[in-house]
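Number of protein chains: 2
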Amino acid sequence: MTRRGLLFVLSSPSGAGKSTLSKMLLAADGAISLSVSATTRPPRPGEVDGKDYHFVSVERFEAMVDNGDFFEWAHVFGNRYGTPRLAVEALLAQGSDVLFDIDWQGAQQLHHAAGADVARVFILPPSIAELEHRLRARGTDSDAVITARMERARAEISHWSEYDYVLINADVEACFAQVRTVLNAERLRLARQLGMTEFTRGLMG
Amino acid sequence: MTRRGLLFVLSSPSGAGKSTLSKMLLAADGAISLSVSATTRPPRPGEVDGKDYHFVSVERFEAMVDNGDFFEWAHVFGNRYGTPRLAVEALLAQGSDVLFDIDWQGAQQLHHAAGADVARVFILPPSIAELEHRLRARGTDSDAVITARMERARAEISHWSEYDYVLINADVEACFAQVRTVLNAERLRLARQLGMTEFTRGLMG
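So the sequences go chain by chain: L and W.
According to the working numbering, the first sequence holds residues 16 to 220 in order.
According to the working numbering, the second sequence holds residues 16 to 220 in order.
Pulled out of the complex, with its shape left as it was, chain L reads as follows (with noise of 0.2 Å):
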């Protein structure tokens, strides 16, 4: 028996820091693989096909629905996003963790499929005015959109509880320190702990 991998998730409205601690994580911890979503969505500048996202069509995101690929899958402002269930299933077999950068949709639906061993961490801004002071001081956005934005950070938000860990990001190193430390200790439960060892393998009788 093999170590059981861990389905680690991180959540966060826009702005909160996510993605910039999933990259940091990547970088930093050899033993966890990004889950790349499949998504509808157009490509922004500078995201690369097959490393931030699958880009599929409509047509082909619904063939694979059908088809049962998705461990989990949703519509979030009118495009669709969905975690391709083969290439998690790879990332578990290889002994890899596998990381989630995916909303509150996505981390329930993983629950609900893999329990256990899912861990969910959310990231919070230090408050809702930092949050709307860091989209504001990015310079790319109206204040339409910015308007937009934090309406659906305050969506985001509302998920909060249905997390496991919650990190306050305050500071991007220490934030990312807590982060490291709840993978580090979730490696350390008892379900993932009984094939580490002759020894505990003998313990299961």
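Derived from the structure by calculation, the hints contain no laboratory data.
All figures in this text were calculated on a predicted structure; none of them were measured in a lab.
Among the hints, a few may not be true.
[Said to hold, decoys possible] Which residues of chain W face chain L? A few of them, derived with a C-beta cut under 10 Å, are:
#, residue
1, Leu139
2, Pro140
3, Trp175
4, Gln193
5, Val197
6, Gln208
7, Thr215
Glycine is no exception: its CB is placed at the ideal position from the N, C-alpha and C atoms.
Using the hints, position chain W against chain L.
Leaving out everything else, chain W in the frame of chain L:
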């Protein structure tokens, strides 16, 4: 609303390093305090009343049981051990986390009494042979005493799957780092973060 304190349980068979790890943790982490158990067994050389244990008579212990003074208590190999309720509640009220250096019976009762506020860590030796080697290396015990200790160790180890985390103590510094990781991650759990900042207090409505 203030932060909810955490009841942090370390259990292991004798010789697997629980007491060493407990002392290291209390020295390194100012936010956790030891729950000092009451016991009817006589002090061993070097043990200090009120620091290692509260040493009490059988009559006094029974009066405390009748009085409901214990969070949990148990008979262990002819002696009684119990966790005084008021002392734990006083530590929690001060905002401290509380460390319990107790056996599987105590851990089980504490879990039933305090549920989600308890995080239980079991320390395993690398193997049964290594545990016996460590007990013999102390050079203080006769063969008969070591045989009895090994019997007790096997009984304790049989309860390892009732814990939340399992650590293997092959190297005490590495195992200590894991103990700290688990404690720090448990502090980041949702239920313990509710009162942490003005923002999270606001989210609670």
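Among the hints numbered above, which are violated by the structure, and what are their numbers in rising order? Every hint satisfied by this model.
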